[in-house]
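Between the sequences and the hints, there should be enough to build the whole structure, so can you do that?
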Amino acid sequence: MSHSALDSSPAAAGSQPAIDPAPGETADKGQPSRKPRRSFLPYGLILPAAILEILIHIGPMLLGIWIAFISLTQLNLTNWLNAPFVGLQNFVNGLNPESTIGQAFFSTVGRTLGYTILVVGFSWILGMAGAVFLSSNFKGRAILRTFFLIPYALPAYVGTIAWAFMFNQRDGAVNQILVDTFHLFGDERPFWLLGQNSFGAMIVVNIWQLWPFAFLMLMAALQNVPTDVYEAAAIDGATLWQQFRTITLPMVRPANGVLLMVMSLWTFNQFNVPFVLFGASSPKEATLVSPLIYQNSFGSWNFGLGGAMSVLLLIALFIASVFYIRMVLPKGADND
Amino acid sequence: MKNPLKVLASLTAVASLALSLSGCGGGSPQATSDTITYWASDQGNSLDDTAAKLKPSLDRFTEKTGVKVNLEVISWTDLYNRILTAVTSGDGPDVLNIGNTWAVTLQETGAFEPVEGKLLEAVGGEDRFLKTSWSTGGAEGKTPTSVPLYGLAYNMYYNTKLFKEAGIEKAPVTWQEFVETAKKLTKDTNGDGKPDQWGFTAAGASVSANSHQAFVRGLQNGGTLFDKDGKPTFDSGPQVEGVKQFIDLMATDKVMSPSDAEISQGSQKIDNLINGQAAMLFDQSPVKNFEARGFTDWGVAPIPMMSAGATGDLGTQSHVAGINLSIFKNSKNKENAIKLAGFLTSDEEQVSLNKAYRSLPVVSGASSDPAFQTEEVKAKNDALANHALPMPLIAKEGQMETLTGTAIKNLFAKAATGTVSEDDIKAALKDANNQMAAAQ
Chain A
1 MSHSALDSSP AAAGSQPAID PAPGETADKG QPSRKPRRSF LPYGLILPAA
51 ILEILIHIGP MLLGIWIAFI SLTQLNLTNW LNAPFVGLQN FVNGLNPEST
101 IGQAFFSTVG RTLGYTILVV GFSWILGMAG AVFLSSNFKG RAILRTFFLI
151 PYALPAYVGT IAWAFMFNQR DGAVNQILVD TFHLFGDERP FWLLGQNSFG
201 AMIVVNIWQL WPFAFLMLMA ALQNVPTDVY EAAAIDGATL WQQFRTITLP
251 MVRPANGVLL MVMSLWTFNQ FNVPFVLFGA SSPKEATLVS PLIYQNSFGS
301 WNFGLGGAMS VLLLIALFIA SVFYIRMVLP KGADND
Chain B
1 MKNPLKVLAS LTAVASLALS LSGCGGGSPQ ATSDTITYWA SDQGNSLDDT
51 AAKLKPSLDR FTEKTGVKVN LEVISWTDLY NRILTAVTSG DGPDVLNIGN
101 TWAVTLQETG AFEPVEGKLL EAVGGEDRFL KTSWSTGGAE GKTPTSVPLY
151 GLAYNMYYNT KLFKEAGIEK APVTWQEFVE TAKKLTKDTN GDGKPDQWGF
201 TAAGASVSAN SHQAFVRGLQ NGGTLFDKDG KPTFDSGPQV EGVKQFIDLM
251 ATDKVMSPSD AEISQGSQKI DNLINGQAAM LFDQSPVKNF EARGFTDWGV
301 APIPMMSAGA TGDLGTQSHV AGINLSIFKN SKNKENAIKL AGFLTSDEEQ
351 VSLNKAYRSL PVVSGASSDP AFQTEEVKAK NDALANHALP MPLIAKEGQM
401 ETLTGTAIKN LFAKAATGTV SEDDIKAALK DANNQMAAAQ
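Same order as they appear, the protein sequences are chains A and B.
If you read the first sequence in the numbering used here, its first letter stands for residue 1, the second for the next number, and so on.
If you read the second sequence in the numbering used here, its first letter stands for residue 1, the second for the next number, and so on.
Only true hints are included.
Mimicking DSS-like on lysine-lysine, the simulated pairs with C-alpha atoms at most 27 Å apart in a straight line are:
#, chain 1, residue 1, chain 2, residue 2
1, A, Lys284, B, Lys430
2, A, Lys284, B, Lys426
3, B, Lys254, A, Lys284
4, B, Lys254, B, Lys430
Since the hints were made in silico from the structure, they are not lab data.
What follows is the structure in structure tokens.
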């Protein structure tokens, strides 16, 4: 594997800021290397952040892992340090495909994966279309841009509860428009928050909430693409689709990498949308992983089982993220 | 980062991460020594109405003792989780209301003050209270951790105008009569070929109301939710039969609107009765809503039973419903919290509050008040005294309510969007049963 000169020297350049090697020149390996001055200042500076990180992230995470190995119910909730240690029992219960709980877990994980792909896919397509559309100059662009960002600016709860009202079978706006105005679905008003349709309704609400984020990020990334590249391509006879495929997509690749990962993690762990749309227990056809963990923990008061399921997901998401970062990010890491 | 759009993009990214990290924050305000915090359940037409009706009582308390009460009224959909969060964090109010069916479950957490010593003294001892109500304070044979506050029981309420229009003179007594009556009352009144007036309405998405029906209908059919050894028997024959009767009202009898599968708040079904969209409902205390809406065309009758005059378990019409009051062990203001418990259970306040909320006094000294001699209150009293059993007094009662109530909620959803077979009902109750067994 060959490295470019710039790739091989960032460490040297970083430790010797005074002697910047000229572009294209390798750092002189013959010179006696200066030892970086040991100082506690950098550690002191990151200390407050490190303490907060431990308190906010690492501590609760370790606590969650511990809960997965104990039998924590309301009987020992106030004295949880003395809850009996049950080893892997919670994991066995959660993963046993023969049991009701295991079956629910596996089908929910599958459903959540499908949900994530659909929501992230559609949000990305909409965000990209919006960003490309608004990257050309025209009158009213600023207003449209603001308009597109409204769902993102609204508090999640407010937006979702408005959708819950609209999806109501008897009095909701969705059925008023689809059934009363356009006479779709025959005479029967379909239920949107019950049965199979609830999965679709939840996807619509989540896309509505998520796509402006993709739009915003991609629009920012598109600002970095020089216009003369497009002009040159146009002169060479490239169609708009060819320009998009060979210029736009590769140029926003690093932004896309981060964007897709963040959106996937958020969507996979989605809790707000189903909780506000359906209440504490989602319909079977629309149960996602986070609400399932909530139901196990707070509906059945089986915190150990909820903890075990959380740990399993944490591991799965961690592995997926590491793979993803290795696949996508290094290639674009030093761009920008 | 000169580009303003990029700055905005980065800021939103950071802000959304920060927001997702911060989660829910904030706790109840720190009480000063002369202020206590009280979480009241929603007993009125709305949270504001409940607070307004409670205020004169609390003002009298402040006048008498100099202790201010920081009141928060919490809706029934949130109350259970709010209590659980308070128990988990140890940071709760000084005094709070609980649904009495949760008493044993919450007793087991050890987060509440036992009703003995000073607290028992303050509420005037056990003998002041009605026996059935007192029995809901905690598990049998243990010191209770909650004091009864308001008494309730299920009755059937109906729209007398719709009854008259259909030529029905008497409220149905047996389940069969009830279904037949409901069929007569299910009508297409505007000629579009679809019913717009239904015989019966219920909050099909209300987990707790559904679990009460699972309990009552099971007992009427000779079943129980738990066997003698405490093992769940949600999927036993009579229990399945009882739940089937309830689901069938929508699925096969077609006397209940499919839209009811989406109703989660009791007030919505009461609206249906007032608006004439439904003729009958089961409820504990809808009269305050009737009065607030100026609705007078209502009647009250006992919940139908499988056979007329049934007694014992087969004659069950309601669980011993009601609201209890508990004091947090962690309260830094226990003296004053105990004072409030004593005050709210005094004869005078029992009369005033139960009159306002249309519930039943839980102390014998208040029952003789003229306000509690109406036909409706007498019906409720009869149900409570002769046809009510407490929900299973077990530590996992809360889980049982969640599991059976959710199973019925899902079955109503299935009935609204398709068909429900007996096997579907069996399978749903079996799932709930397995989860209950795993949680035990």
